[in-house]
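J.: With chain A fixed as given, assemble chain B onto it according to the hints.
Protein chains: 2
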Amino acid sequence: MLIGPGDDAAVLAAPDGRVVATTDLLVEGRHFRLEWMSGYDVGRRAAAQNLADVAAMGAVPTALVVGLACPASSPVAWVEELTDGLRDECAVVGASVVGGDVVSADAVTVAVTALGDLQGRAPVRRSGARPGDRVWVVGALGGSAAGLALLRHGDRQLSARYPRLLDAYRCPVPPYVAGPFLADAGATAMIDVSDGLVQDLGHLAAASGVAISLDLSQWAAPPDLVEAAADLGIDVGEWRLFGGEDHALVATVPAAVDLSGDALLIGEVAAGLGVRYDSGVRYDSGVRNDSAPGRDHLGFDHFR
Amino acid sequence: MLIGPGDDAAVLAAPDGRVVATTDLLVEGRHFRLEWMSGYDVGRRAAAQNLADVAAMGAVPTALVVGLACPASSPVAWVEELTDGLRDECAVVGASVVGGDVVSADAVTVAVTALGDLQGRAPVRRSGARPGDRVWVVGALGGSAAGLALLRHGDRQLSARYPRLLDAYRCPVPPYVAGPFLADAGATAMIDVSDGLVQDLGHLAAASGVAISLDLSQWAAPPDLVEAAADLGIDVGEWRLFGGEDHALVATVPAAVDLSGDALLIGEVAAGLGVRYDSGVRYDSGVRNDSAPGRDHLGFDHFR
Numbered sequence: 024m025l026i027g028p029g030d031d032a033a034v035l036a037a038p039d040g041r042v043v044a045t046t047d048l049l050v051e052g053r054h055f056r057l058e059w060m061s062g063y064d065v066g067r068r069a070a071a072q073n074l075a076d077v078a079a080m081g082a083v084p085t086a087l088v089v090g091l092a093c094p095a096s097s098p099v100a101w102v103e104e105l106t107d108g109l110r111d112e113c114a115v116v117g118a119s120v121v122g123g124d125v126v127s128a129d130a131v132t133v134a135v136t137a138l139g140d141l142q143g144r145a146p147v148r149r150s151g152a153r154p155g156d157r158v159w160v161v162g163a164l165g166g167s168a169a170g171l172a173l174l175r176h177g178d179r180q181l182s183a184r185y186p187r188l189l190d191a192y193r194c195p196v197p198p199y200v201a202g203p204f205l206a207d208a209g210a211t212a213m214i215d216v217s218d219g220l221v222q223d224l225g226h227l228a229a230a231s232g233v234a235i236s237l238d239l240s241q242w243a244a245p246p247d248l249v250e251a252a253a254d255l256g257i258d259v260g261e262w263r264l265f266g267g268e269d270h271a272l273v274a275t276v277p278a279a280v281d282l283s284g285d286a287l288l289i290g291e292v293a294a295g296l297g298v299r300y301d302s303g304v305r306y307d308s309g310v311r312n313d314s315a316p317g318r319d320h321l322g323f324d325h326f327r
Numbered sequence: 024m025l026i027g028p029g030d031d032a033a034v035l036a037a038p039d040g041r042v043v044a045t046t047d048l049l050v051e052g053r054h055f056r057l058e059w060m061s062g063y064d065v066g067r068r069a070a071a072q073n074l075a076d077v078a079a080m081g082a083v084p085t086a087l088v089v090g091l092a093c094p095a096s097s098p099v100a101w102v103e104e105l106t107d108g109l110r111d112e113c114a115v116v117g118a119s120v121v122g123g124d125v126v127s128a129d130a131v132t133v134a135v136t137a138l139g140d141l142q143g144r145a146p147v148r149r150s151g152a153r154p155g156d157r158v159w160v161v162g163a164l165g166g167s168a169a170g171l172a173l174l175r176h177g178d179r180q181l182s183a184r185y186p187r188l189l190d191a192y193r194c195p196v197p198p199y200v201a202g203p204f205l206a207d208a209g210a211t212a213m214i215d216v217s218d219g220l221v222q223d224l225g226h227l228a229a230a231s232g233v234a235i236s237l238d239l240s241q242w243a244a245p246p247d248l249v250e251a252a253a254d255l256g257i258d259v260g261e262w263r264l265f266g267g268e269d270h271a272l273v274a275t276v277p278a279a280v281d282l283s284g285d286a287l288l289i290g291e292v293a294a295g296l297g298v299r300y301d302s303g304v305r306y307d308s309g310v311r312n313d314s315a316p317g318r319d320h321l322g323f324d325h326f327r
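Chains as they are written, first to last, in this note's numbering: chain A, 24 to 327; chain B, 24 to 327.
Hints listed in this document are in silico derivations from the structure and should not be mistaken for laboratory results.
Just so it is clear, the structure is predicted and the values come from calculations on it, not from any experiment.
Beta carbons: idealized from backbone N, C-alpha and C, even for Gly.
Among these hints, one or two may not hold up.
A short, non-exhaustive set of chain B residues, derived as facing chain A with CB atoms under 8 Å [said to hold, decoys possible]:
no., residue
1, L25
2, D31
3, R53
4, V77
5, V126
6, A134
FRET-style restraints, in silico, Cβ to Cβ [unchecked claim]:
no., chain 1, residue 1, chain 2, residue 2, range
7, A, G284, B, G209, 53 to 61 Å
8, B, D285, A, G297, 53 to 61 Å
9, B, P154, A, D107, 38 to 46 Å
10, A, L57, B, W59, 28 to 36 Å
11, A, D247, B, L57, 43 to 51 Å
12, A, A293, B, E58, 49 to 57 Å
13, A, G297, B, A100, 28 to 36 Å
14, B, G209, A, G155, 54 to 62 Å
15, A, D258, B, P94, 28 to 36 Å
16, A, V115, B, G256, 56 to 64 Å
17, B, G177, A, A183, 51 to 59 Å
One chain only, chain A, in its complex shape:
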C-alpha cells in the first residue's frame, strides 16, 4: 500500500504491471443472517470470498476496498467487529484494507472489491481446459452447506455437536496459496467453488467447451460431514457436489502433471459439453442447475 485510507483514493503497488480485480456484495438476510453470524464472521467471509476469486486467477491478493451500508442504529461494536474480520482475513494473505465508504441504509450490505498481483504469471482463466486434462481440487467441499443446513434446522443441541461445520459456514478457509501453486503447476483453467462444485465446474466446462466427468468416490467425506448428513437425513453427496461457499479451488491440469499429495484428483476432461457426476448414492448423470444454499444471484449476465 503506497497511500491507504484517508484520501480521495488509495494507491497500491502493482509491480507486475497488471492488476486483478473482483467484487462481491453480501446482503443481510440473503447472504448472511445477523443472528447466525457475528460482525467478525461477516467481515471474514466477505473478505474470503473475494480474496478467493483473486487466487482463482493464479494471483496473490494485495488489497481490499470496502463499502458498508448499515442502519444508523447499528452498534459501533458490530461495525468494529466487521472491520476486524476484514482485516484478519486480509492478513492471512498479507493483504490489507486500503479504503472504504460507510453509508446508512435500512439493511446491512457489505460490498468488497479485492485486488491482486499476478507476480508475472499468466492469469488462469475458466476457458483453457482441454480434453485429456485432469481435474484437481484443493480445499473443503460441503462443510459450509452442512453448517448452513444445521443452522436452518434450528436444533441447537444438534448443531453444537458440529462446531467445525458451523465454522465452515460462518468463516470459510479458502486455500489461497493453492491459486498461485496450481497456476505454476500448469493449470489450464481454474475456478473457486462459490456456488457448488457441479455448478462452478459447469461454468468452467462451458467457458472451455469441454465435458467434465466428476468422481468423488475415492475420497471419503470427513466423518463429521457424514454424521451431520445422517442426522439431517440428507445425502452427504449433495453437500459435496452442490454446496457452495467453501471456496475450494478447482483446476484442470495436463495429465502429465501429478499433484498427488498437494491436491485431490476428482475428475477428467473430455470432448463434449457439461458436467457428469455420480455421487454413488442417488444422482443420475447430468447437470443440475440448483443454486447453492444461501446464494441468491440474479442477472449475472448484466456484468459478465
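T.: Same frame as chain A, now just chain B:
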C-alpha cells in the same frame, strides 16, 4: 482491459506499476430516489463520483467493477439503463466496466469501485498544501444542490424552468481531465467536491495542517443558479459553498503558477487551521459542518 467480465476476476493493465482504487456506495432513498432519477442517471452518477475520486489523485480512470443489489422484481429495463449509464460515463474517460456482481435485495444499492493509472505522476494527496499556495477550482459549484432543492420543493412548473440544474443533480459532469492537468501544474494538494466546497476543503486543510481563506466574490454565479435561489428564497452562496455532488476538482498550487483561463482562483492558503469564507451575503467566517444535501455518511473513520 486484459480480461473482462466472465471470469473469477478481471485483469487490467497497470503500466505505471501502481494502481489507484476508490469505492462508493449509493443507496436508494439516501443517495438517489427512483422517482427523481432514471436507471441511466443513477448509473452515470455512480460512475462519475468514483471516477472523480480517481481524477482527484491526478490519475486517469481505467476501469470500474460494480456491485448491484436490487429487488428481484426490478424491471430488466431499469437494470439495463443503469449499466448503460455506467458504460457511458466510463466512456467519457476511456474506461470500462470490467466486472460485477448482481444480487437480490429489498432496496437498490449500487457499489462502484474505480481504478486508475497515474501515468508516472506522483499522486496528489490532501495533505500537501503549504502556506502561500493558492486555491484553484475547475468545474461547477452548487448546481447539484440547486437541482436537488428544486426536486424537493416539488413544484414541477418551477423545476421545468431550470433543466440545467436538474441535470446537474441527476448526472454530474466532473472535469476529469483537470485531475492530471492540475497534478502536472504542480498541485500540492487536491480533492473533489463531493460533500461541499467548505467541507471538502476542510478535510484538505486538516490533512495539510493549514488554513484556507475562500473568496468566491469575484466569480459571478451562473444566472440560472441565482434565479433559482431567489425563487426558493435560498442564499445562492449556500449552494456554492456547501452544495455537494458536483464533483468539481479543487487544488492548492504554488503561487508562482498562474492557471488563469484554465481554472478559477478562489482562495489562499495560510498558516493556521480551518476554512474561512465570506459569501458576501450572510455567513460569518468560520467552519460549518453541515453535510451536503443528499449525502448521508456515517462512520467514515472506520475505513479512513
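J.: Going through the numbered hints above, which ones does this structure break? Give me the numbers in ascending order.
T.: Result: no hint breaks.
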